[in-house]
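Q: Put together the whole structure using the sequences plus the hints.
There are 2 protein chains.
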Amino acid sequence: MRYKMVTTLAPFPSMSASTNSSLTEPQMTAEDQVQQIQLLTSTDDDHGGVIVEMDDPMDSATFVSILRASISHWKQLGKKGVWVKLPIHLVSLVEALVKEGFWYHHAEPKYLMLVYWIPDTANTIPANATHRVGVGALVVNEKREVLVVQEKSGHFQGTGAWKFPTGVADQGEDICVAAVREVKEETGVDSEFLEVLAFRQSHMSFFEKSDLFFVCLLRPLSSDIQIQEVEIEAAQWMPFDEYATQPFMEKYELLKSINAIYLAKSDERYSGFTPVPTASNSSERKNYLYLNADDLKRHNSL
Amino acid sequence: MRYKMVTTLAPFPSMSASTNSSLTEPQMTAEDQVQQIQLLTSTDDDHGGVIVEMDDPMDSATFVSILRASISHWKQLGKKGVWVKLPIHLVSLVEALVKEGFWYHHAEPKYLMLVYWIPDTANTIPANATHRVGVGALVVNEKREVLVVQEKSGHFQGTGAWKFPTGVADQGEDICVAAVREVKEETGVDSEFLEVLAFRQSHMSFFEKSDLFFVCLLRPLSSDIQIQEVEIEAAQWMPFDEYATQPFMEKYELLKSINAIYLAKSDERYSGFTPVPTASNSSERKNYLYLNADDLKRHNSL
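Residue numbers (our numbering), protein chains in the order written: chain A, -19 to 282; chain B, -19 to 282.
Mixed in with the good hints there might be a few duds.
Any copy, or any two copies together, can satisfy a pair, since identical chains are not distinguished.
What the hints assert, rightly or not - Below 25 Å or equal to it, Euclidean Cα-Cα: the simulated DMTMM-like pairs (lysine to aspartate or glutamate) are:
1. 123 to 75
2. 90 to 25
3. 59 to 188
4. 65 to 172
5. 55 to 191
Hint data in this document are derived by calculation from the structure and do not stem from the laboratory.
A: Written out as C-alpha cells, the structure reads:
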C-alpha cells in the first residue's frame, strides 16, 4: 500500500488521560505520548508540491482519514499543490477526493489525475495539454512522383481522392519520427525526413481541443508498396501534376497551398524548417529545434 | 434531467402474461404491449458515435438501468463510440460508468469525459491531446533593443537573467494571438506579430505530456513599459548585443540559436513562418497556416 507510517507526538496526551480519571491512571511513559499515524507516500515535484501515486485498494473512509492527515502534514511543510494519480481500478476513491476539495486535472484511459491547492493564494497549477499533433507526409521520388493513398474510412472514404499519408503523433513521439513511421505503416515505404514545409493550427477539432498539423517533406529510401490493409484501400506513386490537379483539391485551401509550396521547393526556392538536435535545459535528452537551416547556413557562410 | 422518454414495444409481452396463467388473463390490448422506458439524451458525433452530456443528479442504480437500456438501443442503431461528459458535481456516477465498461478519455477541471466502444471490433477512439503550446516573444524595436523581463518565480528567479516574455497559449488561442497577449500582459507593450522564427518540441515536460514552444518575432507598436506585478519583477528595453551576451545564455542552446537566427534576420537573411488565414475544411472559421511566405512570394513573382 502506498502510504508510510510516521511517528508523531499525539496532540494532547494528558487531556485524553484526564477524561479517564475514574480509571486507574497508568504511569505515563514517553511511549504513551506517541502514536502511529499513517500518511500517503509522496514524492516532491519541482514546484513546491507533492505527487501521490495510488496503487493498492483502500476503503474510502480509511483513505479520507489518511488523506486529511497527509494534507495537514504537507501544509506544515509549506507544500502547495497536491497531485493524486488514481489508476482506473481505484475509481471508488474519486468521489472521496472530490468531496475533499480535489478537482480533475487530466485523464488517460488507465488513470485520472486529480489536484488540490493547499495555500490560501490563487493556485498556479499548470494548464493541461490542449493540442493533438498531426503529421502529413509528402514523399516525392526522383521521378517527381508523390506517394498517395486512399483511406478505408474518414472524410475521403469512397471519393476516389488520392491524398498523402497522414496520422497522429504518439505520446512522446517527435514530429520527424511520426512522419516517417506513418509512411512506413500505411505504405511500407522507407523514407528520410527532410523538413516541415508548413503547419496549421485549428481549434475545436475534437471537443474543446485543438490540432497542430505539420506538413512534412520526405525523401523515399525504398519504392515497393505494401499497404496496411486495415486503414488503407490502395496506395501508389502518382505523377505530381496528376496528384495536384485532382478536382477535389479545389475545395481545400490547405492542399492547394502545399502544392504551391512544393512547386517552389522543386525549383529550390522554398526553405521549410529542419529539425536540429538541441540540448534540453533540464536533462541529457536532446530535443529538436525546427528552424530555417538553409537561411542560417547561408548567413553564417557570408 | 438529460434523458428522454421513448415508447417501445416490450420485448416479450405474451411470455410475461403466460407466466401468470393461474391468474385470470386480462384481455390484451395494444396499450398493454407497450411500456415506457427511459433513454439518455444523446447527440450524434461525426464518426458513428453518440455524445451524452449529463447535467442533473441521478442515483447510481437508476443511472445504470437507463444507461444499459440506452446502450442496447444505440447498439441496435449500429452506433460505435459512446461519450459521456460528466461534470464534476456528478462525480458519484463515475464509478458506475467504469463498472459498466467505460474508461477515461480526458478531463478538465470541471468535467470528466468517459468513453465506451459498442462494436466487437478494435476501437478507433481518437487519442487525447498530448501537447501544451508555449510561446516566446522576441520584440525588437527600431533601435535594435529587445524587450526583456525578469520573472518573480520559475527557473530564472533571482538570477538576474533578462529574458524575452514567454507564456502558455490558452485553450483555443492562436499562437500569433498568444504571443501578442503575453507581451501585453507582462510588459504593457502593444505589438504586432511578424513570424515564427523556430519551434522546439520537448517531451515529458509535464507528467507524460509534451510541449511545443514557438519562438516568435514581433514588432512593437508602443514603447512605455507597465509591468504585471504578480509575475514580473522588472522589464526594460535592452540593446540586443547586451541581451545576447548575458553569461547565463552560454548554457542554453535554444537561446543561442535564437540569437543567431535574429542576427541573420536583421541582415534580411532569414525567413521564418508567417501565419496565413486559411479556410477550414469543415467550418466557416479561418485557421492559420504558418509557412515561409517570403520564399513563396519570391517564387510566385518569378
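Q: Take the hints in turn and mark each one as holding or not.
A: Evaluation of the provided hints:
1. 123 to 75: Neither: 62 Å inside a chain and 58 Å across chains, both beyond 25 Å.
2. 90 to 25: both (22 Å within a copy, 24 Å between copies)
3. 59 to 188: between (32 Å within a copy, 22 Å between copies)
4. 65 to 172: For residue 65 and residue 172, the Cα distance exceeds 25 Å both inside one copy (39 Å) and across copies (41 Å).
5. 55 to 191: For residue 55 and residue 191, the Cα distance exceeds 25 Å both inside one copy (39 Å) and across copies (30 Å).
The structure shown violates the earlier hints numbered 1, 4 and 5.
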